[in-house]
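6 protein chains.
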Amino acid sequence: DGFEGGSQSERVPTGIKGFDELCGGGLLKNRSYLVSGNAGSGKSTFSIQYLHNGVVEYDEPGILVVTEEDPKNIRENMKSYNMDLKKLEQHDKLAILDSQSAKVGIPTDEEYVEVDPFDMDSTLKRIVEIKEDIGAKRCVFDSTTSLGFVSDTQKQLRINFLKLSATLSAIGLTSLLTSEVLDKNRMSRFDMEEFVTEGTIRLYNERKEGVRSRSIEVYKMRGSDHSKKINPFEISSKGIEVHPKEDVYF
Amino acid sequence: DGFEGGSQSERVPTGIKGFDELCGGGLLKNRSYLVSGNAGSGKSTFSIQYLHNGVVEYDEPGILVVTEEDPKNIRENMKSYNMDLKKLEQHDKLAILDSQSAKVGIPTDEEYVEVDPFDMDSTLKRIVEIKEDIGAKRCVFDSTTSLGFVSDTQKQLRINFLKLSATLSAIGLTSLLTSEVLDKNRMSRFDMEEFVTEGTIRLYNERKEGVRSRSIEVYKMRGSDHSKKINPFEISSKGIEVHPKEDVYF
Amino acid sequence: DGFEGGSQSERVPTGIKGFDELCGGGLLKNRSYLVSGNAGSGKSTFSIQYLHNGVVEYDEPGILVVTEEDPKNIRENMKSYNMDLKKLEQHDKLAILDSQSAKVGIPTDEEYVEVDPFDMDSTLKRIVEIKEDIGAKRCVFDSTTSLGFVSDTQKQLRINFLKLSATLSAIGLTSLLTSEVLDKNRMSRFDMEEFVTEGTIRLYNERKEGVRSRSIEVYKMRGSDHSKKINPFEISSKGIEVHPKEDVYF
Amino acid sequence: DGFEGGSQSERVPTGIKGFDELCGGGLLKNRSYLVSGNAGSGKSTFSIQYLHNGVVEYDEPGILVVTEEDPKNIRENMKSYNMDLKKLEQHDKLAILDSQSAKVGIPTDEEYVEVDPFDMDSTLKRIVEIKEDIGAKRCVFDSTTSLGFVSDTQKQLRINFLKLSATLSAIGLTSLLTSEVLDKNRMSRFDMEEFVTEGTIRLYNERKEGVRSRSIEVYKMRGSDHSKKINPFEISSKGIEVHPKEDVYF
Amino acid sequence: DGFEGGSQSERVPTGIKGFDELCGGGLLKNRSYLVSGNAGSGKSTFSIQYLHNGVVEYDEPGILVVTEEDPKNIRENMKSYNMDLKKLEQHDKLAILDSQSAKVGIPTDEEYVEVDPFDMDSTLKRIVEIKEDIGAKRCVFDSTTSLGFVSDTQKQLRINFLKLSATLSAIGLTSLLTSEVLDKNRMSRFDMEEFVTEGTIRLYNERKEGVRSRSIEVYKMRGSDHSKKINPFEISSKGIEVHPKEDVYF
Amino acid sequence: DGFEGGSQSERVPTGIKGFDELCGGGLLKNRSYLVSGNAGSGKSTFSIQYLHNGVVEYDEPGILVVTEEDPKNIRENMKSYNMDLKKLEQHDKLAILDSQSAKVGIPTDEEYVEVDPFDMDSTLKRIVEIKEDIGAKRCVFDSTTSLGFVSDTQKQLRINFLKLSATLSAIGLTSLLTSEVLDKNRMSRFDMEEFVTEGTIRLYNERKEGVRSRSIEVYKMRGSDHSKKINPFEISSKGIEVHPKEDVYF
Ligand SMILES: Nc1ncnc2c1ncn2[C@@H]1O[C@H](COP(=O)(O)OP(=O)(O)O)[C@@H](O)[C@H]1O
Ligand SMILES: Nc1ncnc2c1ncn2[C@@H]1O[C@H](COP(=O)(O)OP(=O)(O)O)[C@@H](O)[C@H]1O
Ligand SMILES: Nc1ncnc2c1ncn2[C@@H]1O[C@H](COP(=O)(O)OP(=O)(O)O)[C@@H](O)[C@H]1O
Ligand SMILES: Nc1ncnc2c1ncn2[C@@H]1O[C@H](COP(=O)(O)OP(=O)(O)O)[C@@H](O)[C@H]1O
Ligand SMILES: Nc1ncnc2c1ncn2[C@@H]1O[C@H](COP(=O)(O)OP(=O)(O)O)[C@@H](O)[C@H]1O
Ligand SMILES: Nc1ncnc2c1ncn2[C@@H]1O[C@H](COP(=O)(O)OP(=O)(O)O)[C@@H](O)[C@H]1O
Ligand SMILES: [Mg+2]
Ligand SMILES: [Mg+2]
Ligand SMILES: [Mg+2]
Ligand SMILES: [Mg+2]
Ligand SMILES: [Mg+2]
Ligand SMILES: [Mg+2]
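Chains as they are written, first to last, in our numbering: chain S, 21 to 270; chain D, 21 to 270; chain F, 21 to 270; chain W, 21 to 270; chain B, 21 to 270; chain G, 21 to 270.
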């Protein structure tokens with residue numbers, strides 16, 4: 021492939037095996053990136069692993085905004101990758117903002133809860149507060165489809181998306197925003213998320229002759245050279261590992 | 021294929037021949053899974069067999085919510101698989117909640133009837149009551165298209181879906197939610213069900229050279245490794261049997 | 021192909037040559053089936069032949085609800101298959117409910133006329149009356165697209181469809197409901213009829229190298245095993261004859 | 021191909037060379053047929069030739085309803101096929117009902133003019149009058165897209181279509197109704213015309229390797245056997261001639 | 021190819037090299053034709069060349085209605101084909117009606133300006149006046165997408181299209197109306213323009229193996245035989261030249 | 021390929037290596053061009069490089085309107101191509117109009133800020149002022165999707181697009197307007213931008229066998245001959261370089 025490597029900009033390594041070398045060392049600091057893929061393609065795994073590595077490898081605290089999952093299930097899921105989120109939370113290195121329970125109307129005993137899940141500004145305010153609390157440097161917003169709940173028109177949706185990504189950036193967070201994809205040729209649910217973020221990481225899980233296999237692509241990354249190849253990856257008890265030397269054909 | 025096998029999480033086996041070994045021993049406890057497929061692909065068979073096995077093999081009582089079928093027909097259909105639902109009901113191991121007759125306006129003599137089929141909360145309340153009654157551990161909601169009846173917008177639909185799946189989870193049920201599919205590349209009717217459930221089991225019934233054949237895939241399963249293969253299965257007088265060793269090409 | 025054959029459920033044979041053996045001896049009693057296909061694929065022929073055979077072979081009177089055709093033309097068309105509907109009507113073995121003339125505003129001298137073609141309940145009431153009159157056991161509703169006329173939303177349409185199929189079932193009729201199809205990969209006009217009926221019989225009339233040829237498939241049949249093959253059939257002066265031993269490729 | 025030939029029903033020959041033998045001798049009397057095809061596929065030519073032959077070969081007067089063309093242009097166009105419509109009109113064997121000029125707001129000196137082109141009933145009344153005047157047996161309505169002008173919803177459109185076709189039938193006309201098609205796999209503009217007419221004649225004009233060629237198919241014909249082949253045809257100074265013995269591949 | 025050649029109708033030659041022989045000598049007098057194609061396919065070039073040739077070769081003055089371009093740019097563009105429109109205008113042989121500047125709200129010093137670009141009737145009135153002024157015989161309306169601006173519904177759009185084409189015809193102009201196309205299998209922007217005009221000239225500019233090449237087809241021409249082939253053409257400093265002997269494959 | 025080369029019109033060279041020779045020396049003066057492509061295809065890079073070259077190679081000041089990005093990020097991104105925008109700004113050779121911050125509601129310390137990002141006329145007025153200030157000759161509007169924010173209907177959108185492109189032209193700017201594309205066969209987001217601009221430059225970034233590669237095409241250029249080939253290009257620390265001699269196949 022032979023791309024030239026990273027630029028001089030400050031890099032935030034994901035610490036995900038085989039990934040950072042695809043994009044010159046990591047993400048650009050204080051920018052918001054899209055992580056998009058089908059259901060089960062690994063968006064949450066990738067994103068939370070980025071937060072987890074942030075804490076354990078780079079001592080950067082992180083915020084995880086969960087819009088449509090139960091934080092308890094997430095903690096349990098991550099255990100199967102040998103990541104202990106609870107521990108990070110207890111050391112104030114990770115905060116999980118539960119944005120689901122209010123929406124669904126189910127009682128919760130989470131520490132960080134979003135009370136009004138249908139108001140964009142209250143969510144952002146909550147993130148700012150938590151950032152102050154734990155000194156977060158990284159953020160994951162999983163998933164941005166929830167922005168559809170706070171937007172009545174396509175225009176509003178786009179502005180809310182911009183607002184989210186620009187605010188996280190402005191307050192000094194390097195963020196991953198996940199997006200649901202329905203079709204292998206698209207990059208996002210609303211067909212605009214890839215245009216208003218600083219970069220797009222695309223996860224695939226395509227069927228070929230009765231078997232699914234996973235691959236990942238740095239589709240776009242403003243201000244940085246990166247690999248043009250689609251690379252196979254694996255999810256195992258070690259979480260995600262990218263195999264940058266192998267080829268993918270589909 | 022060689023996936024690593026199940027994680028340590030507590031498993032709820034479906035007892036369906038050849039299926040549990042595809043996903044490390046069964047479903048994760050107290051979670052909601054999507055079972056999706058075309059008309060006639062076997063969603064109801066799979067789901068009810070899961071309930072039936074729950075009772076006869078694992079002594080776990082179950083609830084079957086039927087939104088658009090006549091419970092009497094279901095009992096008769098299951099007889100052709102040598103499953104006697106009536107008997108399970110008489111022993112208070114199975115409750116069939118008839119959510120159709122009120123909707124359609126036809127008199128019914130079912131024991132469990134949903135009186136207001138157009139109110140999400142009343143349905144959930146009814147399920148909670150029945151759960152208490154019979155000590156259910158498993159639940160099947162067949163089919164979730166009926167959520168469209170209680171939702172005026174896409175947003176509401178998504179929130180109702182979340183509400184259903186989160187509530188079943190919260191009250192301690194391990195559930196299957198069926199979803200109708202129209203196209204072999206899609207996973208659900210509303211293109212969002214696979215994103216808001218903990219896993220997706222996809223049933224196929226594709227035509228090839230003038231013959232249809234059945235296959236099944238664990239498409240997504242949060243917190244668990246699983247087979248990446250699409251496996252052939254059969255429906256016969258023994259119900260569903262999956263053949264995990266054979267290959268499917270389409 | 022080698023499917024196991026019929027279950028123990030009571031069967032209603034269509035008497036259509038080569039068809040009943042595809043599905044273990046016939047339809048399940050007191051259930052509603054979809055017959056779907058393109059224009060000219062043979063839906064009306066199949067359905068009326070089912071009624072005709074009902075009378076002459078099994079002494080089961082039948083009701084034919086015609087929503088968008090002139091009963092006089094239907095009688096003439098059936099003559100070309102050597103079926104004399106008039107005679108059956110005169111012996112009170114067949115009733116044709118003219119649901120078109122009121123809709124179109126043209127005078128009619130039919131015996132059974134639907135006065136308000138835009139009210140679902142009045143139609144059902146009319147069918148119940150006729151059933152009493154002639155002791156009908158079989159019913160054909162041709163075509164269900166007319167349900168669109170009495171439904172303002174997708175939800176209403178679905179409920180009306182359920183209502184129609186459940187009511188016919190409840191009053192003791194074994195019924196065929198026809199549905200218009202536009203595309204060879206779809207099963208119905210509104211993409212939901214196949215989900216809310218007990219089975220789907222799909223008629224094809226596909227073009228291949230400048231010639232059309234006919235084929236038929238039992239796509240779905242709850243509670244019964246059936247052939248998985250798509251079988252060629254013919255329409256001739258003997259009406260429809262299915263050729264279950266031949267193959268179809270498209 | 022070897023279809024069995026015509027039924028006993030009374031036939032109305034089109035007199036178009038090579039066509040009547042495709043469908044057992046012609047159209048069934050007093051029924052309405054769809055003639056559909058792309059722009060320039062020959063719908064108007066076919067239909068007017070049917071009227072012209074009606075007069076000169078079978079002494080059956082005809083009515084031509086023109087909804088979106090200038091009658092003067094039509095007369096001139098037909099001259100290029102050596103058909104002299106003016107002469108037929110002068111002998112009261114043909115009436116052209118100008119339904120365009122009122123719609124467009126341009127003065128006209130046509131004998132038969134539709135004054136209110138946005139009212140379905142006034143059009144039908146006008147046709148009935150003309151039928152009385154000249155004793156018409158045949159009718160052409162070119163094109164039915166104009167029914168969209170008098171219909172606010174899909175339902176209304178379908179009912180208007182039914183009304184048109186049933187009324188023409190009821191007053192004793194054998195009719196051709198033209199329909200615009202956009203895609204080679206469709207049969208009509210509104211995807212329902214082929215279902216509510218007694219038959220469909222489909223004209224194709226497909227591109228293959230940089231050349232267009234014409235072909236015709238009797239796609240549907242209730243009450244009659246017909247050829248299942250798609251047959252090439254030609255338009256020349258003799259009008260349309262079908263070549264029933266040749267093959268078409270596309 | 022061997023089509024029989026032109027009919028006896030009076031012809032208006034375009035004077036475009038290689039084109040008139042495709043359709044028996046030219047357009048039929050006093051009729052309106054569609055010229056459709058993708059952006060940059062040559063619609064404006066073809067149409068203006070038709071006007072230019074009208075003046076310099078056949079002494080027929082012409083009107084050019086420009087709805088979304090700056091007349092000054094058009095004059096400059098045409099110079100690159102060695103056509104001097106200014107000169108024709110100065111001799112009152114060509115009138116350019118500027119229908120853009122009012123729409124866009126930019127001052128103009130054009131002689132012929134449309135003051136109310138959102139009123140169909142005022143546009144037609146303006147054309148009639150100009151026709152009187154310069155004795156025009158030819159007209160180009162570039163482009164008809166602007167009719168969308170004066171039409172609120174599909175019905176209105178179609179009637180406005182008919183009105184435009186019928187009025188130009190009625191006042192004695194032989195006209196080209198341009199239409200934007202998005203897809204190689206379509207013929208117009210609104211999927212109806214080809215049905216309500218007397219003929220359709222289709223320009224293609226398709227990509228094949230990394231190169232675009234141009235071709236042209238007489239897709240429809242009422243009242244006239246014409247070539248059935250798609251012919252390559254070129255745009256150069258001599259404007260458009262059609263190569264009727266060569267083949268196109270796509 | 022062998023196109024004839026440029027016309028006599030005055031040219032504005034982009035200075036992008038390998039590009040100007042594709043279109044006879046550059047853009048036509050005082051016209052507006054579309055630059056369209058997928059996310060990450062290089063639209064912003066191409067456009068800003070055009071502005072940068074304008075200053076450093078041709079001493080033509082430029083305006084960059086940024087609708088959905090942070091100017092600070094853009095300056096940093098361009099550094100990775102060794103372009104120092106800040107320096108150009110300090111010498112009043114480049115003005116960046118920040119149209120994002122007001123929209124998103126984030127404080128900014130940019131010199132040029134658009135206060136009302138939802139009013140087309142205020143934006144145009146702002147551009148006119150800046151043009152006066154710095155004597156700009158070139159302009160980039162990135163991206164035109166933002167016009168969707170100021171347009172309620174398709175008609176308004178089209179008129180706003182025309183207004184933007186015609187105004188920039190009228191005040192003496194040679195401009196690039198970027199447009200987001202979702203599908204390799206389309207040219208713009210709203211399927212009309214390519215019709216109302218003077219030319220279209222299309223950037224591709226297509227996947228082939230697991231690798232993406234970049235290519236560029238002059239798709240349309242009114243008033244000028246240009247290459248018909250799709251040419252590969254590269255983005256590196258030198259910015260964009262087009263390779264006009266190589267071939268592309270997709
Ligand atoms: N312990 C594990 N070992 C291997 N694969 C796993 C494990 N846990 C989860 N997975 C896989 O990861 C998928 C879930 O990934 P996730 O990050 O939740 O996807 P997304 O967020 O894109 O929906 C599951 O569907 C499963 O295939
Ligand atoms: N006794 C049986 N033996 C074999 N196949 C059967 C039997 N009963 C039903 N089937 C098959 O199962 C299908 C119905 O499956 P079902 O679970 O109702 O599907 P779904 O709920 O996805 O519509 C029928 O269409 C038929 O093909
Ligand atoms: N006597 C006949 N012999 C052979 N084929 C016939 C005869 N009568 C009708 N057909 C065929 O049957 C078709 C009509 O079938 P029909 O049952 O009305 O279809 P549908 O109801 O699906 O539109 C006709 O289009 C014709 O092809
Ligand atoms: N005299 C003629 N000779 C040969 N072909 C002709 C002649 N006149 C018309 N045509 C062909 O017939 C087509 C018009 O057919 P028409 O019946 O008007 O089609 P439609 O009504 O389907 O739009 C023209 O596009 C042309 O190709
Ligand atoms: N002088 C010229 N020499 C060669 N080709 C030219 C010349 N001028 C314009 N063209 C070509 O013609 C195209 C413009 O054609 P035009 O008639 O404006 O198309 P349309 O109106 O269909 O958008 C340009 O994109 C360019 O490819
Ligand atoms: N320094 C660099 N070296 C090589 N490629 C780069 C460099 N900087 C950015 N890129 C590439 O350029 C892309 C961004 O291009 P950009 O002009 O912003 O695209 P667009 O505006 O079309 O979204 C990135 O996705 C990356 O692939
Ligand atoms: Mg996830
Ligand atoms: Mg089911
Ligand atoms: Mg029918
Ligand atoms: Mg016509
Ligand atoms: Mg043009
Ligand atoms: Mg950009």
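Please keep in mind that the hints were generated in silico from the structure rather than gathered at the bench. Be a bit skeptical, because a hint or two may be false.
Note that the list lumps identical chains together, so a pair holds whenever it fits in one copy or between two copies.
Unchecked claim - Dumping the calculated EDC-like pairs for lysine to aspartate or glutamate here, alpha-carbon to alpha-carbon at most 16 Å: (1) Lys248 with Asp79; (2) Lys248 with Glu80; (3) Lys258 with Asp245; (4) Lys204 with Asp129; (5) Lys248 with Glu130; (6) Lys228 with Glu261; (7) Lys37 with Glu261; (8) Lys99 with Asp141; (9) Lys49 with Asp104; (10) Lys175 with Glu130; (11) Lys248 with Asp129; (12) Lys107 with Glu131; (13) Lys92 with Glu226; (14) Lys92 with Glu30.
Structure-based check of each hint:
1. For the identical chains of this complex, Lys248 and Asp79 are neighbours neither inside a copy (30 Å) nor across copies (35 Å), given an alpha-carbon limit of 16 Å.
2. In this homomeric assembly, Lys248 and Glu80 never come within 16 Å of each other (Cα to Cα): the closest approach is 29 Å inside a single copy and 35 Å across copies.
3. Proximity of Lys258 and Asp245 under a CA criterion of 16 Å is satisfied inter-copy only: 11 Å between copies versus 28 Å inside one chain copy.
4. In this homomeric assembly, Lys204 and Asp129 never come within 16 Å of each other (Cα to Cα): the closest approach is 38 Å inside a single copy and 41 Å across copies.
5. Taking the closest pair of Cα atoms, Lys248 and Glu130 never come within 16 Å of each other, the shortest separation being 41 Å inside a single copy and 34 Å across copies.
6. When the C-alpha separation of Lys228 and Glu261 is checked against a cutoff of 16 Å, the pair qualifies neither within a copy, at 21 Å, nor between copies, at 23 Å.
7. For the homomeric pair Lys37 and Glu261, the shortest alpha-carbon distance inside one copy (5 Å) is at most 16 Å, but the shortest distance between copies (33 Å) is not.
8. For the homomeric pair Lys99 and Asp141, neither the shortest alpha-carbon distance inside one copy (33 Å) nor that between copies (33 Å) is at most 16 Å.
9. Taking the shortest Cα distances, Lys49 and Asp104 never come within 16 Å of each other, neither inside one copy (26 Å) nor across copies (20 Å).
10. Taking identical chains as interchangeable, the C-alpha atoms of Lys175 and Glu130 are never at most 16 Å apart, the minima being 33 Å within one chain and 25 Å between chains.
11. With identical chains, the CA atoms of Lys248 and Asp129 are never at most 16 Å apart, being 45 Å at best within one copy and 36 Å at best between copies.
12. With identical chains, the CA atoms of Lys107 and Glu131 are at most 16 Å apart within one copy only, with a shortest distance of 14 Å there and 47 Å across copies.
13. In the homo-oligomer, the alpha carbons of Lys92 and Glu226 never lie at most 16 Å apart, since the shortest distance is 29 Å inside one protomer and 38 Å across protomers.
14. Proximity of Lys92 to Glu30 under the C-alpha cut-off of 16 Å is restricted to the inter-copy arrangement: shortest distance 14 Å between copies versus 34 Å within a copy.
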